[in-house]
Amino acid sequence: SQQGEEDPQALSIQEGENATMNCSYKTSINNLQWYRQNSGRGLVHLILIRSNEREKHSGRLRVTLDTSKKSSSLLITASRAADTASYFCATGRSSNTGKLIFGQGTTLQVKP
Amino acid sequence: EAEVAQSPRYKITEKSQAVAFWCDPISGHATLYWYRQILGQGPELLVQFQDESVVDDSQLPKDRFSAERLKGVDSTLKIQPAELGDSAMYLCASSLESQVRSDTQYFGPGTRLTVL
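Protein chains in written order, with my numbering: chain A, 1 to 112; chain B, 113 to 228.
Only chain A is shown next, with the shape it has when bound in the complex (with noise of 0.2 Å):
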């Protein structure tokens, strides 16, 4: 099962623009992070928030938490086409497995 509904499914942008991706949740968490994945390929981890974080810079990546609604989100500022990927975010639970439950992805395609 998949906790996350990450909107919008797919997004299109012109290289520069700014691209944002939301992502909402069910259940409580002890932190939301987001991971990158190329064509084909493994993903790759951006950024890690934790439940009591609001804000979370790093490079071209802000994201923002807020527990009270259940959602993230995740802009990419200045965005080139090497940023065409898909994003998924994926939350830890407050559990004894240190699972995560990822969504079903953003797929971003930014043209150069």
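Just to be clear, a hint being listed does not mean it is correct.
For lysine to aspartate or glutamate, the following DMTMM-like pairs were computed, each having C-alpha atoms within a straight-line distance of at most 25 Å [what the hints assert, rightly or not]:
{"id": "1", "chain 1": "A", "residue 1": "K26", "chain 2": "B", "residue 2": "D168"}
{"id": "2", "chain 1": "A", "residue 1": "K99", "chain 2": "B", "residue 2": "E164"}
{"id": "3", "chain 1": "A", "residue 1": "K99", "chain 2": "B", "residue 2": "D198"}
{"id": "4", "chain 1": "A", "residue 1": "K70", "chain 2": "B", "residue 2": "D198"}
{"id": "5", "chain 1": "A", "residue 1": "K99", "chain 2": "B", "residue 2": "D169"}
{"id": "6", "chain 1": "A", "residue 1": "K26", "chain 2": "B", "residue 2": "E156"}
{"id": "7", "chain 1": "A", "residue 1": "K26", "chain 2": "B", "residue 2": "D169"}
{"id": "8", "chain 1": "A", "residue 1": "K99", "chain 2": "B", "residue 2": "D175"}
{"id": "9", "chain 1": "A", "residue 1": "K69", "chain 2": "A", "residue 2": "E5"}
{"id": "10", "chain 1": "A", "residue 1": "K99", "chain 2": "B", "residue 2": "E126"}
{"id": "11", "chain 1": "A", "residue 1": "K56", "chain 2": "B", "residue 2": "E209"}
Where chain B lies over chain A, by a calculated footprint (3+ residues, C-beta under 8 Å) [stated by the list, open to error]:
{"id": "12", "segment": "37 to 50"}
{"id": "13", "segment": "98 to 111"}
Bear in mind the hints are in silico, worked out from the structure with no lab data behind them. We treat Cβ as the ideally placed atom computed from N, Cα and C, and that holds for glycine.
Once you've looked at the hints, dock chain B against the given chain A.
Structure of chain B alone, referenced to chain A:
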């Protein structure tokens, strides 16, 4: 930079045959995960190991899938017999921390399985 290794990268098999996938996690990572990712969807956890012990295999179809991590290092995932619906990407990941909290996971390149 240390990486998670997986082999083979691609596997084509006929239904009812047996297939096996291998994963070597990053050195020192105690936790190892096997995921299945169907095209267009996010990864779903099949099995999680802490050292050599299984801590979560609730989504593993145990009638046909098996996984082992005998010495707590590398791991093998087996499917026998393979079915058409098993066609997917099989991803291995590892993490440094114990099972107590969700930590950053490092993924291998995956094995793309096609069952004919």
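Hints versus structure:
At roughly 21 Å between alpha-carbon atoms, A/K26 and B/D168 fall within 25 Å of each other, so this suggested pair holds. Straight-line distance between C-alpha atoms of A/K99 and B/E164 comes to about 17 Å, which keeps the hinted pair within the 25 Å bound. Between A/K99 and B/D198, the direct Cα distance comes to roughly 22 Å. Compliance with the 25 Å bound is thereby established for this hinted pair. A hinted pair counts as satisfied when its Cα atoms are at most 25 Å apart, and A/K70 with B/D198 does not qualify at roughly 33 Å.
Straight-line distance between C-alpha atoms of A/K99 and B/D169 comes to about 11 Å, which keeps the hinted pair within the 25 Å bound. Between A/K26 and B/E156, the direct Cα distance comes to roughly 17 Å. Compliance with the 25 Å bound is thereby established for this hinted pair. A C-alpha spacing of about 22 Å is found between A/K26 and B/D169, which places the hinted pair at or below 25 Å, so the restraint holds. Distance restraint check for A/K99 and B/D175: the Cα-Cα separation of roughly 23 Å lies within the 25 Å cut-off, and the hinted pair is therefore satisfied.
The hinted pair formed by A/K69 and A/E5 meets the criterion: a straight-line CA distance of about 13 Å does not exceed 25 Å. The straight-line distance between the Cα atoms of A/K99 and B/E126 is roughly 32 Å, outside the 25 Å bound, and the hint therefore fails. Of the supplied pair hints, the one linking A/K56 and B/E209 holds, its CA atoms being roughly 22 Å apart against a limit of 25 Å. Check on the segment 37 to 50 of chain A: 7 of its residues sit with their Cβ under 8 Å from a Cβ of chain B, so the three-residue criterion for coverage holds.
Here's how the segment 98 to 111 of chain A fares: 8 of its residues keep a CB closer than 8 Å to some CB of chain B, so the rule of at least three is met and the hint holds.
Of the numbered hints listed earlier, those contradicted by the structure are 4 and 10.
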